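*Asks:* Heads up: the sequence lines are chains A, B and C, in that order.
Take 409 as the starting number for the first sequence in the numbering used here and just add one per residue.
Take 1067 as the starting number for the second sequence in the numbering used here and just add one per residue.
Take 2 as the starting number for the third sequence in the numbering used here and just add one per residue.
Calculated directly from the structure, the hints in this document are not laboratory data.
The structure presented is a predicted model; accordingly, all values stated were derived computationally and were not measured.
Mixed in with the good hints, there may be bad ones.
[Unchecked claim] Straight-line C-alpha distance at most 25 Å; calculated SDA-like pairs for lysine to any residue: (1) Lys610(C) - Gly1135(B); (2) Lys1213(B) - Asp7(C); (3) Lys610(C) - Ser1159(B); (4) Lys414(C) - Lys610(C); (5) Lys448(A) - Glu587(C); (6) Lys417(C) - Glu587(C).
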Amino acid sequence: MLPPFSYIAVHSKQEALTSLASLAGAALLAGGTDLLVRMKKGETHRYVIDLTGAAELSGVKDRGGTLRIGSGMTHARIGAHPAIAKTCGGLAAACSAVGSPQVRNMGTLGGNLVNASPAADSIAPLLVHNAVVTLESIDGMRSEKLERFITGPYRTTIGKHEILTSVEADTLAGYNEGYRRVAKRAGWAISRLSLAWALNDADGVFKDVRIAVGSCTPVPFRPREAEAFLAGKGRERPVVEEAVKMVLDEIRRISGMRPSFAYKLPVVRDLLLSVLGGDSCS
Amino acid sequence: MKRVGFTLNGKTTTCDVEENELLLHTLRERLSIASVKEGCSIGECGTCTVLIDNEPCYACLTLTAKVEGRDVLTVEYLAHADLLHPLQESFISHGAVQCGFCTPAMLLVGYSLLLKHRQPTDEQIREAMSGNLCRCTGYVQIIEAIKDAAPVFIHSGS
Amino acid sequence: MFIGRDLDRVDALAKVLGTAGFAHDLRMEGMLFACVVRSTKPHALLRDVDVSGAYAVPGVLRVVSHKDIPGQNTFGALRKDQPFLAESRVRYVGEPILVVIGENEAVAREGAARVRIDYGEIDAVLEPDATGKGRQIYDTGSLMAYKKVRKGDVEKGSAASDVVVAHTFRTTWIDHAFLETEAGIGYVDEGGRIVIKSSTQNIHYKRVEISRLLAIPEERIRVVQATTGGGFGGKLDVTCEGFLALAVHLLKRPVFMRYTREESFLSNTKRHPLSIDYKTGARKDGTLTAVKVDITGDTGPYASYGDAVCLRVAVHATGPYEVPNVWADCKLLYTNNPVSGAMRGFGVPQLAFAHESQLDEVAEALGMDPIDIRIRNGLKRGSVTATGQVLSASAGFVETLKKIEPFWRARQKTKKGSGFGLGCMYYGIGNTGVANPANALVELGEEGRVILHTGACEIGQGSDTALLQIALETLGVARSDVLLDRGDTDTSKDAGSSSASRQTYISGKAVQEAALGLRAFLDEAGYYHRGRALGDIYRATKDKGRLLFEGFFNPPASGLDEATGQGIPYATYAFASHMTEVEVEEATGACRVKQVHAAHDVGKSINPKAIRGQICGGVAMGVGLALMEEFIPGKTASFDAYYIPTSLDMPRVEVFLVEDEEPTGPFGAKGVGEPALIPQAASVVNAVTDAVGVHVYELPCHVERLKGLIESKKTTK
Chain A
409 MLPPFSYIAV HSKQEALTSL ASLAGAALLA GGTDLLVRMK KGETHRYVID
459 LTGAAELSGV KDRGGTLRIG SGMTHARIGA HPAIAKTCGG LAAACSAVGS
509 PQVRNMGTLG GNLVNASPAA DSIAPLLVHN AVVTLESIDG MRSEKLERFI
559 TGPYRTTIGK HEILTSVEAD TLAGYNEGYR RVAKRAGWAI SRLSLAWALN
609 DADGVFKDVR IAVGSCTPVP FRPREAEAFL AGKGRERPVV EEAVKMVLDE
659 IRRISGMRPS FAYKLPVVRD LLLSVLGGDS CS
Chain B
1067 MKRVGFTLNG KTTTCDVEEN ELLLHTLRER LSIASVKEGC SIGECGTCTV
1117 LIDNEPCYAC LTLTAKVEGR DVLTVEYLAH ADLLHPLQES FISHGAVQCG
1167 FCTPAMLLVG YSLLLKHRQP TDEQIREAMS GNLCRCTGYV QIIEAIKDAA
1217 PVFIHSGS
Chain C
2 MFIGRDLDRV DALAKVLGTA GFAHDLRMEG MLFACVVRST KPHALLRDVD
52 VSGAYAVPGV LRVVSHKDIP GQNTFGALRK DQPFLAESRV RYVGEPILVV
102 IGENEAVARE GAARVRIDYG EIDAVLEPDA TGKGRQIYDT GSLMAYKKVR
152 KGDVEKGSAA SDVVVAHTFR TTWIDHAFLE TEAGIGYVDE GGRIVIKSST
202 QNIHYKRVEI SRLLAIPEER IRVVQATTGG GFGGKLDVTC EGFLALAVHL
252 LKRPVFMRYT REESFLSNTK RHPLSIDYKT GARKDGTLTA VKVDITGDTG
302 PYASYGDAVC LRVAVHATGP YEVPNVWADC KLLYTNNPVS GAMRGFGVPQ
352 LAFAHESQLD EVAEALGMDP IDIRIRNGLK RGSVTATGQV LSASAGFVET
402 LKKIEPFWRA RQKTKKGSGF GLGCMYYGIG NTGVANPANA LVELGEEGRV
452 ILHTGACEIG QGSDTALLQI ALETLGVARS DVLLDRGDTD TSKDAGSSSA
502 SRQTYISGKA VQEAALGLRA FLDEAGYYHR GRALGDIYRA TKDKGRLLFE
552 GFFNPPASGL DEATGQGIPY ATYAFASHMT EVEVEEATGA CRVKQVHAAH
602 DVGKSINPKA IRGQICGGVA MGVGLALMEE FIPGKTASFD AYYIPTSLDM
652 PRVEVFLVED EEPTGPFGAK GVGEPALIPQ AASVVNAVTD AVGVHVYELP
702 CHVERLKGLI ESKKTTK
């Protein structure tokens, strides 16, 4: 059972923004797979604004070099979208791995990002694609890099009257891209750890390496030092090992030593060794 | 209270519900659709699964107000008069039913899958079922039932 | 005609239509809702209980405490030691204190949330302490049960061994995780009797408990089993039935209850966590010489089925092998942890994990193939078990190994991380060393319809269909001639619980006996030889009263000697061998179970399709036990944190049946419900060892534990 609230269905983005600005104590409802679970556990809101009817929040646009993905796109639709599969394959793979089929039919990309769970599957691949989120309110629009937008576990910079309306991600043609999650069972599980990557290499030399690690640090992150170290280097075992060591150091630097790292760090190490070393592990 | 209109099992339905009411509650308590079960109420077990516009969704995490104008199917849709749906026949003949608490939801997931994939592989079936827990069967006979219903399903023009 | 046939389940039609009336679905005009206020402390005195907040909620009609109980405030299947409602002290988190009854669910739950309890906390005992020196919950000490089995001289046997392997194995709490939580409805019928319909595994037992609780005779109570969404042992103890009876007794209105999932996890009994010190001795040729097993288990604050688990694990300590010298001790100790109770296998799945791991290590030390050491030592006809019982019939264990032997010999690791393991078991059918009879009634009813009345509870395992098949075969009548009437104390006699894999064997035999009575009558009346119709026979005799034929079966077993455990604990045993293929990913510690070959000696297969269903379900539960399931008090509140296998976690399963008929069973049948699960976790663990060379001594072997083992193996290299 849910605590009482007034339900408001909007039919456009503008209507959503207006409602959000005018109603104190309003929550936005997209798929409901996070919000309603929290509300069942006691979270209360005076108003719940259902964004389902705001068609502008859906859809995917190729803007030449980037894809703009509507925040209302469900995980299932993203996972099945041909353009996303082609140039943003890690995201398609991640969205196809979120929760269960029902959660993927219900939950949206926007909801996943705003909820900002450290285990959210969509974040790591979007970081690899240098994603930028667009936030709109009745007063205007702003853009922010995803890695800045998420500030901590379940914390973002979203304002009280803002709606995350879309995400813009680099298209990466010619990259070897992937997403890998580790969980305690094969289906319907929360990620214990996740890894997204996009590698561009030619003749055994890394041109561009992008890695993101999820469920390990408070916010999924890009190990920039290791990425920079690899650029221009040959794909050789000592090089890869050095880069992996740098990633682990960065994780420890961000989070300190945590009990879960006894498990997670060796897994990050082994998965990265195989991804960077050229084994298929996805 | 709020008036919500939607299609339930092919019939136009209008229902007065609380604004914070969940579809699970509306179906079970107002519309006497007892086949939609409550196993956990937080979207983890799948026994409340219904099809909304043919896609499996958890009714325990769906506000009734949200299905305004949409098409909702429960297992009651499958059989017509005395005639079982081929999937239901297949579940019975394959021994896919034990305690039966997950069964209506499993049937709906199978139905939704067969609408999209006329000859699903074992892996596709397993994937489609992975949001629905079953503690009795180990899923094996359910997978077989869905797979074997596929040819009949197409034939029956569902 | 009907035995060995894949008859469709009698309950399947209603279940695929969605019309089956589960306990969750029961509704009555004017019904109230009741919910339980439970302890949030593991050990505390109840200093003050303030219910005024609950009564302030409009629609709350009554808050019931232990003071409202007219009869005995204790229940328990084996010992009456557990309060329905706590009196002055609570002993585990989740212990019931009050029942709040309101006009509807929202009101009742709101009322329950507004009760204020002042707890005087007491240090909780959270670790079982066998020394008796630490803090204790009861003045009488921490030891709840202690059972032993002694055969031969285990020290001499060890001394004569060429190899001795010793390890300690640990398991944790497992939840039944049936998909329908505990639920039921109660009301007063026209005759003023109390009627309870619930999700249960045993109606006659529940009636006894309600009778004690309300201090009214059993005749004034009717218990009916609603369609039940799974049991696995978790609906053997009294769950909501006592509260419903109390509420109905006090308010005389229909009352409905349904536990939330969180409440179910919190309150339901769990599989006993066991710590098993296991020592195995063998000679060079692989012959087992001695087994010494010292088991300690956590029973929580109450006994529940602890006595049965304690004795059963001691009796099954060696696994399905003939061992000349056996020393087995099992002690269950009180703690303030969740109440441990009956769960599919009564402790034997935990033990199989230990004895099967041990056997593989012995084989490894001797350079033997794991299947050869099992065949060499396997129980067979003429073998003497650990309790000194000579197996005179129906002992097809080695045959189950032979069924999977070709696959075992042909096994091939297809990729890095793949591995194969064996797991075997034997399991005594029915309760251990005590009488556990079943009754059945077969009636020739109106229009010549044969009615089978059984008190056996169908919990999904398929007893309704199996019992019907036995009746049909015995009577030689058509399917449409027989009506099944089950799960109602008004129309059936006690069949005992649906537990211990006993209904096919024991109730099946009782049904056969009853049907034989009717058959003799029908024969006399000319049904079989003169072609006289059932309706004609009925009409000709109906004035003489109801044509009821009783059947009764109590398996021939005996009590066990207290000091040595020697005796005949069961009339018959089921046997099984599972072979499991896994793939372990060393990078992540993820283990995927790819394929299982499962061979079972079921005596006689009544319904092969249903048996296959039991085995596949048992495999799933075994995969969960091996790899992921772990109830952590305070942490695994629902299915979001307590993981059971999904469809993607399941292997392919090939089932093979051995039919070494049991002379005392119906058409030779035994049971398969628990055997299906028992060897599975063991075979997974042995496959993991084969795959990555690490030994697993603690369950569950989830990704983190397995990765940890792989990592420490690397560093010790």
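*Asks:* If a hint holds in the structure, say so; if it doesn't, say that too.
*Replies:* Each hint, compared with the structure:
For the hint pairing Lys610(C) with Gly1135(B), the CA-to-CA distance comes to about 43 Å; that exceeds 25 Å, so the pair is violated. Of the pairs offered as hints, the one joining Lys1213(B) and Asp7(C) holds, with about 19 Å between alpha carbons and a cut-off of 25 Å not exceeded. For a cut-off of 25 Å, the pair hint linking Lys610(C) to Ser1159(B) stands: about 9 Å separates their Cα positions. Restraint check for Lys414(C) and Lys610(C): not satisfied, since their Cα atoms lie roughly 31 Å apart, outside the 25 Å limit.
Of the pairs offered as hints, the one joining Lys448(A) and Glu587(C) is violated, with about 39 Å between alpha carbons and a cut-off of 25 Å exceeded. For the given pair, Lys417(C) sits about 9 Å from Glu587(C) by alpha-carbon distance, which is consistent with the 25 Å threshold.
The earlier numbered hints that this structure contradicts are 1, 4, 5.
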